[in-house]
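Given the sequences, and given the hints that come with them, work out the whole structure.
Read off the chains here:
There are 2 protein chains.
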Amino acid sequence: GDAEAGKAKTATCVACHGAEGIAAVPVYPNLAGQNEAYLVSALKAYKSKERNGGMAAVMQANAAALSDEDIADLAAYYSSLK
Amino acid sequence: GDAEAGKAKTATCVACHGAEGIAAVPVYPNLAGQNEAYLVSALKAYKSKERNGGMAAVMQANAAALSDEDIADLAAYYSSLK
Numbered sequence: 085g086d087a088e089a090g091k092a093k094t095a096t097c098v099a100c101h102g103a104e105g106i107a108a109v110p111v112y113p114n115l116a117g118q119n120e121a122y123l124v125s126a127l128k129a130y131k132s133k134e135r136n137g138g139m140a141a142v143m144q145a146n147a148a149a150l151s152d153e154d155i156a157d158l159a160a161y162y163s164s165l166k
Numbered sequence: 085g086d087a088e089a090g091k092a093k094t095a096t097c098v099a100c101h102g103a104e105g106i107a108a109v110p111v112y113p114n115l116a117g118q119n120e121a122y123l124v125s126a127l128k129a130y131k132s133k134e135r136n137g138g139m140a141a142v143m144q145a146n147a148a149a150l151s152d153e154d155i156a157d158l159a160a161y162y163s164s165l166k
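Residue numbers (this note's numbering), protein chains in the order written: chain D, 85 to 166; chain S, 85 to 166.
Just so you know, the hints here were simulated from the structure itself, not pulled from any lab data.
One or more hints might be untrue.
[Stated by the list, open to error] Simulated pairs of lysine-lysine, DSS-like, Cα-Cα distance not exceeding 27 angstroms: (1) Lys91/D to Lys133/D; (2) Lys128/S to Lys133/D; (3) Lys91/D to Lys166/S; (4) Lys91/S to Lys166/S; (5) Lys128/S to Lys93/S; (6) Lys166/S to Lys128/S; (7) Lys128/S to Lys91/S; (8) Lys133/S to Lys128/D; (9) Lys128/S to Lys128/D; (10) Lys133/S to Lys93/S; (11) Lys133/D to Lys133/S; (12) Lys133/D to Lys93/D; (13) Lys91/D to Lys128/D; (14) Lys91/D to Lys166/D; (15) Lys93/S to Lys166/S; (16) Lys91/S to Lys133/S; (17) Lys93/D to Lys166/D; (18) Lys166/D to Lys91/S; (19) Lys93/D to Lys128/D; (20) Lys166/S to Lys166/D.
Below, the structure written as structure tokens:
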């Protein structure tokens, strides 16, 4: 994915995952430096509603609006953060 | 949880998540420095089989054998790594 394009799509993410990908609340995961392929896998599992439990309901709603390109770009962006 | 006790329970985790919590393969998440409460939430979602999609099947099998105490200790251990 394209990290720059990904950064432009993080408006809804920062509230929980923080401006630098370090979560505001410990029940949410830090995303900074997470593996790109894992982030894509997780976002797709939320989008397909296969991933449930914990705070999954919130993420399913957020992921529902994402295209595969958005997912690839967001994954590239967050994995690029240290 | 107890990070020391958690470390002693990582025998099955290191193959995919790495000895230092940095995943061997990018489709698996890094766990080092991840938020403790999130790790507990994720492990419980695997254990309850609510979390599916991606590599969830592998994690469900691993989480099935974990007690709540194991989960708390493993979460404490991995969140303590930098």
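Checking one constraint from the list: CA of Lys166/S to CA of Lys128/S, max 27 angstroms. Satisfied?
holds, 23 angstroms
Given the hinted pair Lys133/D and Lys93/D, is their Cα-Cα distance within 27 angstroms?
Given that 27 angstroms is the threshold and the Cα spacing comes to 21 angstroms, the pair holds.
Within a Cα-Cα threshold of 27 angstroms, do Lys128/S and Lys133/D meet the stated pairing?
Given that 27 angstroms is the threshold and the Cα spacing comes to 17 angstroms, the pair holds.
Verify the proposed pairing of Lys91/D with Lys166/D, using a straight-line Cα cut of 27 angstroms.
holds, 14 angstroms
Quickly compare the C-alpha distance for Lys133/S and Lys128/D to 27 angstroms and report which way the hint goes.
Distance of about 17 angstroms is within 27 angstroms: holds.
Restraint status (C-alpha distance of Lys91/D to Lys166/S at most 27 angstroms)
holds, 24 angstroms
Hinted pair Lys133/S and Lys93/S, Cα distance within 27 angstroms:
holds, 21 angstroms
Pairwise hint evaluation, Lys166/S against Lys91/S, where the allowed Cα distance is 27 angstroms at most
Answer holds: Lys91/S to Lys166/S is near 14 angstroms, not above 27 angstroms.
Keeping to a limit of 27 angstroms between CA atoms, is the pair of Lys91/S and Lys133/S held or broken?
holds, 24 angstroms
Just to be careful, I want the Cα atoms of Lys166/S and Lys166/D compared with a cutoff of 27 angstroms; is the pair within it?
holds, 12 angstroms
Given pair status - Lys133/S, Lys133/D, alpha carbons within 27 angstroms:
holds, 13 angstroms
Between the alpha carbons of Lys91/D and Lys128/D, is the straight-line distance 27 angstroms or under?
Holds - the C-alpha atoms of Lys128/D and Lys91/D are around 18 angstroms apart, at most 27 angstroms.
In this structure, none of the earlier numbered hints is contradicted; all agree with it.
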